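Protein chains: 2
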Amino acid sequence: MKLFHGWLSSASRRVRLCMAEKGIPYESVPVDLSRQEQHSPAYLALNPDGVVPALQIGPGESLYESATICEYLDDKYPERPLRPADPYQRALMRNVVRWTDDKCLPNLLILNWSLALQPAASRWSDAELKAKLERIPTAERREAWVRIARRPYTDEEKAAAWQALVALVDKMEDMLSSSAWLVADAYSLADIAAAPFIARIDEIGPQVLDAAAHPRVHDWWSRMRQRPAFAAARFERFDDSLRARRAGAATG
Amino acid sequence: MKLFHGWLSSASRRVRLCMAEKGIPYESVPVDLSRQEQHSPAYLALNPDGVVPALQIGPGESLYESATICEYLDDKYPERPLRPADPYQRALMRNVVRWTDDKCLPNLLILNWSLALQPAASRWSDAELKAKLERIPTAERREAWVRIARRPYTDEEKAAAWQALVALVDKMEDMLSSSAWLVADAYSLADIAAAPFIARIDEIGPQVLDAAAHPRVHDWWSRMRQRPAFAAARFERFDDSLRARRAGAATG
Numbered sequence: 268m269k270l271f272h273g274w275l276s277s278a279s280r281r282v283r284l285c286m287a288e289k290g291i292p293y294e295s296v297p298v299d300l301s302r303q304e305q306h307s308p309a310y311l312a313l314n315p316d317g318v319v320p321a322l323q324i325g326p327g328e329s330l331y332e333s334a335t336i337c338e339y340l341d342d343k344y345p346e347r348p349l350r351p352a353d354p355y356q357r358a359l360m361r362n363v364v365r366w367t368d369d370k371c372l373p374n375l376l377i378l379n380w381s382l383a384l385q386p387a388a389s390r391w392s393d394a395e396l397k398a399k400l401e402r403i404p405t406a407e408r409r410e411a412w413v414r415i416a417r418r419p420y421t422d423e424e425k426a427a428a429w430q431a432l433v434a435l436v437d438k439m440e441d442m443l444s445s446s447a448w449l450v451a452d453a454y455s456l457a458d459i460a461a462a463p464f465i466a467r468i469d470e471i472g473p474q475v476l477d478a479a480a481h482p483r484v485h486d487w488w489s490r491m492r493q494r495p496a497f498a499a500a501r502f503e504r505f506d507d508s509l510r511a512r513r514a515g516a517a518t519g
Numbered sequence: 268m269k270l271f272h273g274w275l276s277s278a279s280r281r282v283r284l285c286m287a288e289k290g291i292p293y294e295s296v297p298v299d300l301s302r303q304e305q306h307s308p309a310y311l312a313l314n315p316d317g318v319v320p321a322l323q324i325g326p327g328e329s330l331y332e333s334a335t336i337c338e339y340l341d342d343k344y345p346e347r348p349l350r351p352a353d354p355y356q357r358a359l360m361r362n363v364v365r366w367t368d369d370k371c372l373p374n375l376l377i378l379n380w381s382l383a384l385q386p387a388a389s390r391w392s393d394a395e396l397k398a399k400l401e402r403i404p405t406a407e408r409r410e411a412w413v414r415i416a417r418r419p420y421t422d423e424e425k426a427a428a429w430q431a432l433v434a435l436v437d438k439m440e441d442m443l444s445s446s447a448w449l450v451a452d453a454y455s456l457a458d459i460a461a462a463p464f465i466a467r468i469d470e471i472g473p474q475v476l477d478a479a480a481h482p483r484v485h486d487w488w489s490r491m492r493q494r495p496a497f498a499a500a501r502f503e504r505f506d507d508s509l510r511a512r513r514a515g516a517a518t519g
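Residue numbers (this note's numbering), protein chains in the order written: chain A, 268 to 519; chain B, 268 to 519.
With the rest of the complex left out, here is chain A:
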């Protein structure tokens, strides 16, 4: 199997962590989002939405949507299960995953893109922007690129995005009051879905994760990072990765 992914993408980090936890080997194919490789015809054949990640399984078989990919892996490789066996607990788990998709991802996008993509995109000529937009398959993403290139998210919008993102921490603190992990007292795809967002919260506003502010999430995050799979999933620091990428671009 080949995983097409972005090192800094939260949805990609989710799938890398899931595969590491299950011990599933795969060939890593990094997609350079700053060069819009995700809008290339070859990538669009894997995911018509033009976003990472995508999993190439075999001839003519590929999947996109990180939530779908993780459930597929757990269906296909039932050893080391990452979903509760009980139908109700499993449904609660699915709603946590969906919550992070619907409420965290769009808000983190505003913060991440402002840092990672805006500096280059703001320098594109109108002709360059037009050419890039023509390759983007969805209206939502075209709008996000226009925002980044021409009408950067305002400080007020970024503050609102941050508030919406950290609502995850309150929700988790509540869930962890009766359980060591988010659902059914067992490590699951819900914890895996939350991890990339908590990783970014820890970088952007680490005080939110202080033991005094959210003791149970603080402890959860500590236990999460101690798992061997966490290191294997390679959540390098976002700012370090950006800096390395820019240094690489400047020298080569």
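Read the hints as simulated data drawn from the structure, not as lab findings.
Please note: incorrect hints may appear among the correct ones.
Chain copies aren't distinguished; within one or between two, either way the pair holds.
Listed below are the simulated BS3-like cross-link pairs for lysine-lysine, each with C-alpha atoms no more than 30 Å apart in a straight line [said to hold, decoys possible]:
{"hint": "1", "residue 1": "Lys-269", "residue 2": "Lys-399"}
{"hint": "2", "residue 1": "Lys-343", "residue 2": "Lys-269"}
{"hint": "3", "residue 1": "Lys-269", "residue 2": "Lys-438"}
{"hint": "4", "residue 1": "Lys-399", "residue 2": "Lys-425"}
{"hint": "5", "residue 1": "Lys-399", "residue 2": "Lys-438"}
{"hint": "6", "residue 1": "Lys-343", "residue 2": "Lys-399"}
{"hint": "7", "residue 1": "Lys-438", "residue 2": "Lys-289"}
{"hint": "8", "residue 1": "Lys-343", "residue 2": "Lys-289"}
{"hint": "9", "residue 1": "Lys-269", "residue 2": "Lys-289"}
{"hint": "10", "residue 1": "Lys-438", "residue 2": "Lys-425"}
{"hint": "11", "residue 1": "Lys-399", "residue 2": "Lys-370"}
{"hint": "12", "residue 1": "Lys-397", "residue 2": "Lys-438"}
{"hint": "13", "residue 1": "Lys-397", "residue 2": "Lys-289"}
The model shown is predicted, which means the values in this text are computed figures rather than measured ones.
Fit chain B to the known structure of chain A by using the hints.
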């Protein structure tokens, strides 16, 4: 089990159809969306997002999100399975369901709300609107209600929503080229997810479903409506239901 649902809501129709196909009995609790019963404290205790449907399973156990509810029912009641057994086909099914959630539902909302909610909402005083908005838990839905009450969707926006909605029909025509039902040649939650949107397309622009325009979807829709569960799920015509409701409101 009690199903809290709206008769005209696509997500509610999806769950009613799923329960009818599986032959699961339930107590029907209609929620009057035109009176914003979904924002009442009692309903918000079932679904903090304040949208229908919600399934009350037992003391302290309830679920929301129609995709999650349908998978829960199929996990809990494995007789008459509505998901492919093969992990890859099951993943493809999940992505069809997600596609209707992400790409059809927001667009149909624009069309449905303009018809069903705008006439009353446009007459609310500023104080009434403010009081109603204070009960709505999510920013997205507050924005949609402000649009309906004060800045109705334009004809251009409604046309764009229609175009985005009927993209489903092209996608289905393609999927049905190799299969009698949307996924893996077997009736599944993917077909159930699509049905409420095809039902509305059939009312708003039936020419899209002509045998000449989309022969396979035309045939699929005919087979769908012949299933006994379809009648049990009560997809009454949207316009008829609205008319009956207004007649009822005028007389009582």
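Now the hints, each set against the structure:
1. Lys-269 / Lys-399: Within one copy only: 26 Å inside, 50 Å across.
2. Lys-343 / Lys-269: For Lys-343 and Lys-269, the Cα distance is within 30 Å only inside one copy (16 Å; across copies 33 Å).
3. Lys-269 / Lys-438: between (34 Å within a copy, 26 Å between copies)
4. Lys-399 / Lys-425: both (24 Å within a copy, 27 Å between copies)
5. Lys-399 / Lys-438: between (38 Å within a copy, 25 Å between copies)
6. Lys-343 / Lys-399: neither (37 Å within a copy, 47 Å between copies)
7. Lys-438 / Lys-289: So Lys-438 and Lys-289 pass the 30 Å test inside one copy only (26 Å; across, 33 Å).
8. Lys-343 / Lys-289: both (11 Å within a copy, 25 Å between copies)
9. Lys-269 / Lys-289: Within one copy only: 16 Å inside a chain, 37 Å across chains, cut-off 30 Å.
10. Lys-438 / Lys-425: Answer is within: at 21 Å inside a copy they meet the 30 Å cutoff, but 36 Å across does not.
11. Lys-399 / Lys-370: Close inside one copy (27 Å) and across copies (22 Å); limit 30 Å.
12. Lys-397 / Lys-438: Classified as between: cross-chain Cα gap 27 Å, same-chain 41 Å, threshold 30 Å.
13. Lys-397 / Lys-289: Neither way: Lys-397 and Lys-289 sit 42 Å apart in one copy and 50 Å across, limit 30 Å.
The earlier numbered hints that this structure contradicts are 6, 13.
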